[in-house]
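**Q** Here is what each chain is made of, one letter per residue.
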Amino acid sequence: MQLNRTCDGVKRRDMLKIGSLSFGGLTLPNYLAMANNGQATQGRADRAIFIELPGGPSHIDTFDLKPNAPSEIRGSFNPIKTNVPGIEISEHLPKLAKVADKFCILRGVSHTLAAHRLGQEYVNTGSKPIPALEYPSFGAVLAKERPSDAEIPSLVAVPKAAQGPGFLGIRYAALETNSTPTQGQPYSVRGISLPDGIGVHEVNRRQALLKKLDRRFGELEQSDQLIEGLDQFGAQAYSMITSSRARQAFDIGQEPESFSRQFGDDSFGQSCLLALRLVESGVRLVSVQLGGWDTHQDNFTRLKSNNLPKLDAGLSGLLNGLEQRGLLGTTAVYVTGEFGRTPKINQRSAEGGRDHYPRCMFMLMAGGAVQGGQVIGESDEKAAGPRNETITPDDVAASFYYNLGIDPTTEFNSMTGRPITLVRDGNVIKELFS
Amino acid sequence: MGETKRNLAPDNFAMYPITLRVTFILTFVSGVWIGTQNSEAKEPRLLVRGQSTTNVIPPINTRFAASPEGESPDFQKHIIPLLGKLGCNGRACHGSFQGRGGFQLSLFGYDFRADHGAMLDDSTGRIDLQDPDESLVLAKPLNGDFHEGGKRFDKNSWQHHVLRTWIHQGALNHSPEPMQLERLDVQPKEIEFTESKQETNLRVLAHWEDGSVEDVTILCRFKSNDDSIASVTEDGIVADGTAGDTHIIVSYDNAVIPVSIVKPFPASKSFPLTSSKHPIDRLVDQKLRKLNIQASGKCSDAEFIRRASLDISGILPSPKSVEDFLSNTEPMKREHLIDELLQSDGYAAWWATRFSDWTGNSDEQLNNVLPVRNVATEMWFEWLRARLENNVPYDEIVEGIVNAQSRNPNETYLEYCQEMTESCKPGQASRFADREGMPLYWARRNFQSPEDRAIGFSYTFLGVRIECAQCHKHPFDRWSKDDFAQFAKLFTPIRVNQNLVAQDAKKERDTLLTAITGDEKLRGADLRRALYGAAREGKTIPFGELLVNVRQLTEKQKRAIELAKKRVRDTTSTTIPSGKILGQTTNISLDHDPRNELMEWLREPSNPYFAKAIVNRVWSNYFGIGLVDPTDDMNLANPPSNGPLMDYLADEFIKNQFDLKWLHRAITTSDTYQRSVEPNESNRLDQKNFARHIPRRLPAEVIYDAVMLATGSDAKASLLRDELNAMAIADGKPKRRNQQDFALEVFGQSIRESNCDCDRSDSPSLLQSVYLRNDSEMHQRIMDSSGWVTQACKEIGVQGPVQMNDAQYRTAFNRANTIRKQVVNQASRFRQASDQQQLKMRKTIASELQRASQKIESLGFQMPPINGILSGKQKWESLEPLPPKTAKHEDLQNLVEQAYLRTLSRYPDIDEVNVSVDYITQSESPADGVASLLWALVNTKEFIITH
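Residue numbers (the numbering used here), protein chains in the order written: chain A, 107 to 540; chain B, 212 to 1158.
Be aware that a few hints might be false.
[Stated by the list, open to error] Think about it this way: if two alpha-carbon atoms lie no more than 25 angstroms apart in a straight line, the pair counts; the simulated DSS-like pairs of lysine-lysine are:
hint: 1; chain 1: A; residue 1: Lys234; chain 2: B; residue 2: Lys434
hint: 2; chain 1: B; residue 1: Lys700; chain 2: A; residue 2: Lys234
hint: 3; chain 1: B; residue 1: Lys700; chain 2: B; residue 2: Lys769
[Claimed, not checked] In silico negatives: residues of chain A with every beta carbon more than 10 angstroms from chain B:
hint: 4; residue: Asp255
hint: 5; residue: Ser329
hint: 6; residue: Gly435
hint: 7; residue: Arg454
hint: 8; residue: Gly479
[Said to hold, decoys possible] Covered by chain B, per the in silico footprint, the following chain A stretches (three or more residues, Cβ under 8 angstroms):
hint: 9; stretch: 286-298
hint: 10; stretch: 314-322
I should point out that these hints are in silico values taken from the structure, not numbers from a laboratory.
Cβ coordinates follow ideal geometry from the N, Cα and C atoms, glycine included.
Chain A with its partners taken away, still in its complex shape:
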């Protein structure tokens, strides 16, 4: 596959040449055949970090700049070169520009849901929301398919989860930290250390007693989601309390200053550091949020003075940190908002803003088998839609699962026994892994 130079000066993978069999057309049987022949790289990641940018970040001011577009579209930010020749991103992301070889930019990702909640549900699950059924978050699927050791939660959300476990059931819900860590300070999730005066022996005895007494619901324990979920959480809470592993994992205060500094000193950067420590300790998926992207007004000031510096420091710190710890090859990283923003700048405030725009957005992928330092997909000259082939959130979700070694066409059963395909309409984006 070769790199082509396009009119906007950005190199991109030539996808047309591969044709429909490849991009967006890689069906599972094809994929399996290719994997068997050694043609497709197997997913290598066994853990993941999912970074959400709720509000919907502007693609045109971050990773998909259009310097040649008219001024009412291009905005006031300029592109800068990255450490990968041919790839340019916003001038307000200088640190990420230095690690562009570690991640892959997806451009011209497109869908149709312009409401925050629906868009979030879509990108968090890889399936378009439908009324009868809620699809599970990525973490819930991992928690089910690749559960962590008992004393470590499978899924942690810092500080809150945007997406629940849907039809998989409450037992696969995230441990929400409800707070974010501060650099250099000890950090703990409340309740996971034993208080003075109660030893592990005492906890074990109590647990045994509880097990004998907590048996009121008999056969309902298997068939009721709530009761089953409570059992699961109870067992997990017990394991976490009695082992020091979880405590250690949460305590970012144990990181040397030289290491923690590179993440930036705000709560997002330190949450990224926490995510790194947690996946290092065996948590399957950590979700981290950086909000404030809903820039209907004052788009440029808000981005450059607040959101972009935070994202820049936190994400570059995370990618560097994962590499330094030897985790980048086994940790799948996925960064996305729920949609892009309108190319045309609105007049709602003095400097203008941008509105919800699902037809064109960016996403970032890194880690595991993802080949960094490339741009996949392309938007048109006004960043108003994909130029050629359309990448959908379904495709990216399928690829994320693939990177984690989970077949995106796996069927699960809903509570009522209805079979449901994990990612309904997605195809693995092969270029990510080549």
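Mind docking chain B on chain A? Use the hints.
**A** Chain B alone, transformed into the frame defined by chain A:
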């Protein structure tokens, strides 16, 4: 058919036109027509209602199969629905906010003027009147290569003919205002699949205001609410799936019509009709029978008292009330308990908390709406609580909010400020509750723009999410963008602001201000501080007022309107702004406070939402799921799971003068509410038809209080129960963001901010389990000196659980050691005294040493026998701790019983007693064992869920 199933239907039924392949036997049974059919027939049973209409205009696809002559397709009736059906105005295509391919249509249609304009706009090239075939609206959908949206129809298809004919005839939009679609008649109304692999056709007739009736099936959009139960094709053919019930949603023009679908579970055996005479039970039973679901039996008395107490009053029943209830043999005891609970303080407090959720009583949003800080939420809560306590009719409570004025009738501004200053003082919120109106609702920061108010008002009082229509036609309801805009306008005249007062009060306000600030002109935070300080000093401070900023008509305008009326002209073209109530056609002129009319509309018996919204929310509190669910999303595409039941409850609620206690009583006295949690084969999979009790996690505040009551001593618990003020269900104060109580936040207390019932969460989580098992607050409550473990240990005469920390131990040791030294010295002085002196001293010293002995023991150490010390035989050179006492077996059994009653509200069975007693006797100390038992009981699933 083996037996006649009853379909509840309120009005007349008739044979459906024979285009359907179904043979009907129509029977008139007690006022309703029942459609059944031959058991050999493989078709589903259909419920058909309404008259067969003559003069139906046949479907457009037949009329335009060949290029017709003489018929003009209508823009509203045909062209826009056709474009909708073809997907043109979807969000992905031309319905997007920036259009697509240089052409934009209103999302989901119904903005006819804009759509017509967009199509006729020369620059879009969509319509070419000179050469119709060159119109892009024809060329693009005919040619996939040329159209990003692909090929949408074939050349010379009926779609092609319709669009081409319309353009050919001038591409007109005849009516400047949309024509009213009077009724969209979908047949059948209800489909009951009796066997698998069945199919049936839907047929849809549009009844227009001009009297015409057209078969528009082919122009409708169809959607299934659950594809696994029934699927539907583009042409309206419905096919069955797995067992259950759902709806097919039919949309055309601004109408959205649900068709009920039932696919029964396989019948294992027949079961009897419910014997209950309770209307709720009968209506639930009707639905269950259609689904072949048998209801579970009634719950036990112990389950009932726990469930009813927690659900009605939010409070865990006391051990004594459980014992009394269980030993009571009176047949009507459940009804009596319900009455007692409805009279209890807990009822008013808990429901004021729920009403606070729905009305948005949030500290965060009330910041600075009063000159005194942190009192507004409490006043709001108390205002609601007092009304619930007195069972003020629901519509009157709402009236106090909707029509709220700051001043009571005939109150001067000064009197108002004096009263409000008093009400803001600690513990005086009840003075505010005595006031007529609750204007704080209007003062919230997230309730200031007319749009926010339209959205918030719909959420609170209608249970409707109108926000979709702010930007486009509501996809699941009939609301258009214009409906939203007209509705929002009604809220423009209302102004609330701390610095705003009526014209007549300005002077008085200045006088009050000058008395506080002197000549200094303070503003913003400085002014607030000064006012706050003055209020604390007992001075009367000025308050803002809610004002209705209406523009009066000038005399000239009034005359012009009179004149126009006489000449029967449209009178709306004056300069006075006006708005419209949702779904109403009358303009409300904003030359007066529009809220009276809003309120009158709310309490109209014909209002489609007002009563249903509250009935549904109350229902949801008792069953964990609304008849319409989510409870704040009543729309045409989300019909109730049991429509007749919803209608019954809403109608009766209105007939009972909006009596809330009637509603609670009606629900809780039904068998449906009192079902057992045990499932049977037929109802195991059903979640929404109320065939068994489905366990729910208790709400955040209720769990919080239950933990306090279960772990606290009897004295502490009864204080909590009597006062209520210290309980989470009664404080009515969701804290500010990031300052919420940790436990309440973890358990999902409502943040009351986003006009969504989902602000409250009842999902369990890992962190909740961690909290209950291991949070220091939990350990503290269990070991507390005012806790039940301490009390119980005292009662059985063993040492309590209070674990001294190192510092406390040192203090105790030092004190005991000082006493020891004094005692040893005293004894030595005694021994040195003469016999005569000893005789004199003996009595005093004995009693002194007795006291010292008690003191030493209370500090946790032992003292040797007094005689030994006095005689010097006991040197007593160091302190020894007291040996632990053992408890009597009988006492422990009783204690275990008490532990069960105060946590799980039931007696333990014999196994549970044995396990618990064994555990305690094998523990390091009885106190450890009792503490562990209490810990285990509050950590059972049984404790935090309803059952």
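**Q** Taking the hints in turn, state whether each one holds.
**A** Cross-check of the supplied hints:
no., hint, in the structure
1, A:Lys234 to B:Lys434, "holds, 15 angstroms"
2, B:Lys700 to A:Lys234, "violated, 35 angstroms"
3, B:Lys700 to B:Lys769, "holds, 22 angstroms"
4, Asp255, "holds, 15 angstroms"
5, Ser329, "violated, 6 angstroms"
6, Gly435, "holds, 29 angstroms"
7, Arg454, "holds, 13 angstroms"
8, Gly479, "holds, 31 angstroms"
9, 286-298, "holds (count 4)"
10, 314-322, "holds (count 6)"
Comparing the model with each numbered hint stated earlier shows that hints 2, 5 do not hold.
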